[in-house]
Amino acid sequence: MNKKAQSLGLTIMSVIFILIIGFTALNFLLPEVTDARNNLNCSSAATISDGTKLLCLVFDLTIPYYIWILLGVVIGSVAMRFVF
Amino acid sequence: MKKTLLFSVLFLSLITIVSAISWGSFGLGDDGQVNLTSPTDSFISTTENITFSCSAEILDGNYITNLSLLHNQSGAWVINETFTSLLTGLHVVDDVGGTDSQPTETSKRGIIIYTHQRAVIKNITVNPLVTATRAYIQYSNGTEIANSTITSLVAEFNQALEADTSYRIVVDNETNNWGDDRNTTYPFPRDLGIINITNGSAGGLNDSTLFAVDTLSLIGEPIQASLSKEINITSPLDWSCLASANDSTFGYPQSNRTILGGISSEIITFNISTVESATETYKLNITAYGGLTIEATFIYNGTEYTTTKTTSGDNTVFTNTIDIAQVDSETNKTFYWAMSFNGNPVNSTIKNQTIGIITMSECSIGNSSSYINFNYSDEVSLTAINASLSAATLEYWVDSKENSKTFTYTNTTEVFNNTFCILPSDRTYNVDIYYPYTSTGYPQRIFDPPSTAFTSATTNYTLYLLATVDGIFVTFQVINQAEQLLSDVIVNATRSISGVETVVGSGATGAAGTITFWLNPDFIHTFNFFKSGFDLLVSEFIPDQTSYTITLGGDASQQVNDYTRGITNTILPSTSTELVNETTYAFNYTLASSYWDVDEFGFTLKLQNGTVLQGTSLLSSGGTLNLNQDTINYSRIVMEYYWVINGTSINQTTYWNVFNSANTQWSISNFFTDLNSYLEEDLFGIDDFGRYLIIFLVLFTSIGILSFKYGLNSPVAISSIVFAVVFFFDYATGLLPNPVGAIPNFPTFAAAIILVSLLFREVTR
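Chains A and B are the protein sequences, given in the same order.
Its first residue numbered 1270, the first sequence is counted upward by one per residue in our numbering.
Its first residue numbered 27, the second sequence is counted upward by one per residue in our numbering.
If you're looking for bench data, these hints aren't it; they were derived computationally from the structure.
One thing to keep in mind: the hints can contain errors.
[Stated by the list, open to error] Not everything, but these chain B residues come out facing chain A in the computed CB check (under 7 Å):
{"#": "1", "residue": "Ile293"}
{"#": "2", "residue": "Leu512"}
{"#": "3", "residue": "Trp692"}
{"#": "4", "residue": "Phe697"}
{"#": "5", "residue": "Asp700"}
{"#": "6", "residue": "Glu707"}
[As the list claims (entries may be wrong)] Here are some chain B residues the structure puts well away from chain A; computed CB gaps all over 12 Å:
{"#": "7", "residue": "Ala102"}
{"#": "8", "residue": "Ser451"}
{"#": "9", "residue": "Asp474"}
{"#": "10", "residue": "Ser482"}
{"#": "11", "residue": "Ser513"}
{"#": "12", "residue": "Glu666"}
{"#": "13", "residue": "Val724"}
None of the values given here were measured: they were computed from a predicted structure.
Even for Gly, the Cβ is constructed at its ideal location relative to N, Cα and C.
Same shape as in the complex, but just chain A (with noise of 0.2 Å):
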């Protein structure tokens, strides 16, 4: 086996183990933000500021910002050893 092969596989056991922590990780994520919106009173458009709708649509993006995120850097990490 060469270099490339042992260096492809060590970059998927990483990727997953990011993956694994990751998604892990979010699950701590998802009930702050629900806090968060709660506290803001996000569902109600008519009673809050325009800068508490605007920290409410930031707070609404954070959770697929993070996936997004995530997914780009495993993605990233595995066509890169791919690529390269």
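Following the hints, position chain B against chain A.
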């Protein structure tokens, strides 16, 4: 103290009564008993009548006055039968004392008695001429049993006698001088035979002419009695016997016995005589009581058959239908039902049935058993002609073709007619005729009609022959629409002869799908072609060609009704819709039929695992059915809908996937939903114009970047990007306000039209 004493007295009285009852005594202190002999306890009767038997015995010096059978078949205890038991008689031999037997003798005279049953001698009355002072009862060997002083010619005894035993009853003076030597007097000179006992008294011995020695009167009373009575029983019951004694005491057995159930009637219905090939029905009608479970199998001639059971209340009918097989000669066969009553096996009454043979033969017209008569005629001149037969076969049977017999007949001599008889002539026979007939100058024709039922009222057939110069052979080949040859098609060729539609050819196609008739080409014939699964084809034409191909349409497979024809089903929610969990939806099924008359339609909502949620149906030819159903957390809801036409149910299935909205509060969709709602509330003062402006900027920027980066200058490419961005903001996220409310998603449609137009121009350029 008083209470204790009273209680003791009551207790002892109770014990005494219970003892008397439980031991069946004849009163307190009496020595007797009543025994139930048969049937046994918890008896299940397999016969209509039951014989009840019991006996009684008393040994205390009293005697039995009557013995009664008691049962409670009607609900209450009643005395069904009472028998007064009497001593049947004593065998008496006179003159123990030898030949000198003058009644003036004062001593040593007596008689021998032989008891036929147990009895009691109450007293003895001696002849007035006798001067003896004491009477003795001895065994035949001289051993004394009892003695008594004679007072006023009467000696009182209270002595029980054993059955089937000889005793000597003698008189003497105060000293019994009768010893064993008296045995030497046997045989005694005067045998009086059996003296009947009337009202407990054996009289008639006092005859001074014949019996000079001693004249004695005996009194004996029965101490044993028995009763036996056969009774028709129709319901479960308890039974017992009650005996009474002359001292007004009575007795009964320790416990009653029970009849649990049984047959109250057994009726077997069948024909006592039949013939081979007949189908016979046998019925066993059992009426039982006691709620018995009755099973049975039918045994006919040693062969076991499953029987059909029909139950109605206490009445059970077992029915069997048997096809009578052929026999070599008249035969008797036995049959019965092997039954079980609550598991207890018992056979019904065995019955015999006589099986007669059936025989067909050639006979003469007018015979009382002539069933079929064939005459022959020229088809053109209509004159009678003679014909011969070549291996005509007539398969005949009564009911069961499987047991048919075949009569083959050949007659090379041309005759005017042929008549066939069948014996016995009191039945209707089915006959399948295959009848090739010909005559000189006439080609052979075959008369081969379908099997027909004939009675002894003779059926006459006039079979026509067509001369060689008058006809042609016409072959019919029968095929289906797929041009496959059809065998066993029944073909019937008829034509009108003297105004009567007459069969001139009949038969069935062979394996090649063909059949040939000798037909007259100058006349119109009617041809019928029939095969099971096809429509009857009737065709009329002049058979002037030697061959025809007949196509039968609509075979069985094509005749299957299309029960979906004209049926329109409308189901809501649309099956392309994805349902959301925890939501109640109205599930609608609308059926409309423009062709069939629908008997019923309906639908059932189920889960994937088959669990039925709810269902509804309507006995109507059309309409709408509705059910409200909460999706809860189901993953898929299946609708099985159906409609029924002419008893045939057509089932179809559709389903909806249920989207689980849990955890969607963190989705991108949620971001755009919130953004929309915030914009609706004028987030940062952004109104519709602001939205247009922002989206335009996004559009402008993205197209500019793409064009700058990748050199996209083509109108089609640019319009494609425009369409994609507009689609995203309008349809996907709903951020783009719609300026034309009448057309949903108008910006997307407008972008699409522009894109298609540019594409069309690009292609046509």
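| task | Say whether it holds or is violated: Asp474 (chain B) keeps its Cβ farther than 12 Å from all Cβ of chain A. | result | At about 85 Å from chain A, Asp474 (chain B) clears the 12 Å cut-off, so the statement holds.
| request: Please verify that hint: Leu512 (chain B), Cβ, nearest Cβ of chain A, below 7 Å or not. | output: Violated: closest Cβ of chain A sits about 69 Å from Leu512 (chain B), beyond 7 Å.
| message | Verify this label for me: Ser482 (chain B) is non-interface relative to chain A, using a Cβ-Cβ cutoff of 12 Å. | response | At about 97 Å from chain A, Ser482 (chain B) clears the 12 Å cut-off, so the statement holds.
| request: Decide, holds or violated, for the assertion that all CB atoms of chain A are farther than 12 Å from the CB of Ser513 (chain B). | output: Its Cβ never comes within 12 Å of chain A, the nearest being 71 Å, so this holds.
| field | Hint check, Glu707 (chain B) versus chain A [nearest Cβ-Cβ separation less than 7 Å] | value | 5 Å, holds
| query | Close enough to count: is the Cβ of Trp692 (chain B) nearer than 7 Å to one in chain A? | reply | Hint on Trp692 (chain B): holds, closest Cβ of chain A at ~4 Å, below 7 Å.
| query | Measuring from the C-beta of Ile293 (chain B) to each C-beta in chain A, is the shortest one below 7 Å? | reply | 84 Å, violated
| request: Say whether it holds or is violated: Ala102 (chain B) keeps its Cβ farther than 12 Å from all Cβ of chain A. | output: 85 Å, holds
| field | Least C-beta distance between Val724 (chain B) and chain A, which was stated to exceed 12 Å | value | 16 Å, holds
| query | Against chain A, with CB atoms and a cut of 7 Å, does the hint on Asp700 (chain B) hold up? | reply | Because about 5 Å separates Asp700 (chain B) from the closest Cβ in chain A, which is inside the 7 Å limit, the hint holds.
| said: Does Glu666 (chain B) clear chain A by more than 12 Å, comparing its Cβ with all Cβ atoms of that chain? | reply: 39 Å, holds
| Does the no-contact call for Ser451 (chain B) survive, Cβ to all of chain A over 12 Å? | The assertion about Ser451 (chain B) holds, with a minimum of 98 Å to chain A.
Hints 1 and 2 from the earlier list are contradicted by this structure; the remaining hints agree with it.
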